[in-house]
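Let the hints inform the model, and build the full structure from the sequences given.
Numbering (our numbering), first residue to last: 1 to 136.
Hints may be right or wrong, so weigh each one.
[To be verified] Computed Cβ-Cβ distance ranges for the label pairs, DEER-style:
| # | residue 1 | residue 2 | range |
| --- | --- | --- | --- |
| 1 | Glu100 | Arg34 | 44 to 54 Å |
| 2 | Ala119 | Thr55 | 18 to 28 Å |
| 3 | Arg20 | Arg75 | 17 to 27 Å |
| 4 | Arg20 | Pro115 | 31 to 41 Å |
| 5 | Glu70 | Thr25 | 19 to 29 Å |
| 6 | Leu106 | Arg32 | 44 to 54 Å |
| 7 | Pro98 | Val17 | 37 to 47 Å |
Derived from the structure by calculation, the hints contain no laboratory data.
From the three backbone atoms N, C-alpha and C, an ideal C-beta is built for every residue, glycine too.
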Amino acid sequence: MTLKVVPNAEGSGSAAVKCRWCRHTIATRQGRGRPREFCSQACRQWDWVARQRATELKLAEDELVVTRSELNEIRDRIFVLACAIDDVAGDIDNKRMPLEAMRESLRWLIDAARPVTDAHIGGHGDSDTRPQQRPA
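Written out as structure tokens, the structure is:
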């Protein structure tokens, strides 16, 4: 299979196609065949299950059912991330801040961001599809 990276709207070299279920980026391929819509068979299955359930509940294409606890958890994670962003933004403006204190602020930001990036709504939480971290 030949993979082709397509520039997105910002002009960067990342692929513009996203998985219909988990929204992770899918590399496009040249040649024949239908374009991929899912990053994995599991995502294809979860999308099918969701569409079947939406049909049963008579939901429109743009409607979504999320449990109250999942919604509250997402809101809490976003609030913590917003607080971390505000803290680090203030720390960046402090020109006399020691390097170790800046590192600690950035660790706080990463620790606050990780739960947001790891969040999955519904039945997709068993697989870790997060992009690999760069070596330090």
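Going through the hints against the structure:
no. : hint                        : in the structure
1   : Glu100 to Arg34: 44 to 54 Å : holds (52 Å)
2   : Ala119 to Thr55: 18 to 28 Å : holds (26 Å)
3   : Arg20 to Arg75: 17 to 27 Å  : holds (25 Å)
4   : Arg20 to Pro115: 31 to 41 Å : violated (24 Å)
5   : Glu70 to Thr25: 19 to 29 Å  : holds (24 Å)
6   : Leu106 to Arg32: 44 to 54 Å : holds (46 Å)
7   : Pro98 to Val17: 37 to 47 Å  : holds (44 Å)
Hint 4 from the earlier list is the only one contradicted by this structure; the remaining hints agree with it.
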